[in-house]
Structure formats: structure tokens, C-alpha cells
Amino acid sequence: METIYLIGFMGAGKTTVGKILADLLGYSFYDLDEYIEKTAAQSIPEIFAEKGEAHFRLLEARALRSLPVRQAVVATGGGTAAGRGNLPYMLEKGLVVHLAGDFSRMYARAAGDGRERPLIAAKSREECFRLYQSRLPFYRKAHFSVDTTDRSPAEIARTILERLKERENGKTFPEKAERKDEREYE
Numbered sequence: 622m623e624t625i626y627l628i629g630f631m632g633a634g635k636t637t638v639g640k641i642l643a644d645l646l647g648y649s650f651y652d653l654d655e656y657i658e659k660t661a662a663q664s665i666p667e668i669f670a671e672k673g674e675a676h677f678r679l680l681e682a683r684a685l686r687s688l689p690v691r692q693a694v695v696a697t698g699g700g701t702a703a704g705r706g707n708l709p710y711m712l713e714k715g716l717v718v719h720l721a722g723d724f725s726r727m728y729a730r731a732a733g734d735g736r737e738r739p740l741i742a743a744k745s746r747e748e749c750f751r752l753y754q755s756r757l758p759f760y761r762k763a764h765f766s767v768d769t770t771d772r773s774p775a776e777i778a779r780t781i782l783e784r785l786k787e788r789e790n791g792k793t794f795p796e797k798a799e800r801k802d803e804r805e806y807e
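In this text, residue positions in the sequence shown follow the working numbering: the first is 622, and each later residue adds one.
Calculated from the structure, these hints are not laboratory results.
Just so we're clear, the structure is a prediction, and the values are computed from it rather than from any experiment.
Errors might be hidden in some of the hints.
[Unchecked claim] Restraint ranges, calculated between C-beta atoms of paired labels, are given here: (1) Leu688 - Pro666: 14 to 24 Å; (2) Gly647 - Glu747: 37 to 47 Å; (3) Glu787 - Gln692: 18 to 28 Å.
The beta-carbon is built from N, C-alpha and C at its ideal position, and this holds for glycine as well.
The whole structure should be built from the sequences, with the hints applied where relevant.
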């Protein structure tokens, strides 16, 4: 089976859900940001500080294309889908799943998870919301979306697994998840 790419904003739960989903499927799991850090021998904040976001996005595109395209789950970075050519590549090579959620909760998780996130550190909450809104058109092109609000990572992974089984049985996907907070800033 093809690779499953999890896309969505920072704090959506892509890594946590991805690990559970990979375990359920017996697939390999890759966190794209961790893979970049390992291959570049630098942290993402160091890459941003020393070489800038444009260089990071180039490394990200290269890393994405170097990962397996069969029997893997890839947790992408929040901006991967918006990167030049990345979304078409993922849509062609695998199944793209958007983890949709409440912006306020994703922002709080991303800001408080202990990971250094250069884009959160450099922006206000309102600027992050605008960044989130700018990425939504890319996220909405996923094969399907799963609303993560008030659901555990295990529930989300099981929902994705159910959708995969429906796909194998020839069923079409339900409507994509759309959230109120995608349309307005609170």
C-alpha cells in the first residue's frame, strides 16, 4: 500500500497520530522534521537562524522525496503542503490526510509542547492565525480530512484506518472537515 502523508498545522497531532497509525498498519514511521534534523545534523531552529526559511524549505522538499513511497506513514511539517511542488508530489505518490482541528488548541499545543518552533517563536498569535489561514487552501486539497477536536490520538488513528478500509472497498470519502475557526479569528 502507498505511503500516508499527514498534513496540517503545527500542533495538529501529526507526529503522535502518525506513530499510532504506523503501528496499527505495521508501517514505518517518519517525522519529516526529525528526518531533516538528522540528515542536516542541525536543529530546525539552527537551520532557520543560520540559513533562513528558504533553505529549510529546500531541505524539506528534498527530504520528502527521499522517503519511501510504500508502506510508510509520514508526519509532515506544518508548512510542507504549502511548499513548492510538495503537495502535488504527495497526492501523486500516496494518500494525503489533513488533520483538521481547532486553531486555538493547535496553537496552544504547538506553543507549549517544549519543541523549538521558529515560526511560532517569531510571530504573535494573530500572525500565526493568518499563517494557518494561508495554508488552509493547501490542506483542503488532501484526499480527506479528519477533525481532531476533542478526540484522542488513538481515536483519530482508528478513524483514518476506517477511511483506508472504506477506500479499499471502493467507497468514496465523506465531506472534508471544515471548522468554524478556519473562517474567522476569535
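*For Glu787 and Gln692, compare the CB-CB distance with the range 18 to 28 Å and indicate the outcome.*
At 19 Å between Cβs, range holds.
_Between the beta carbons of Gly647 and Glu747, is the distance compatible with 37 to 47 Å?_
holds (43 Å)
*Has the hinted range 14 to 24 Å been met by the Cβ atoms of Leu688 and Pro666?*
holds (22 Å)
Checked against the numbered hints given earlier, this structure breaks none of them.
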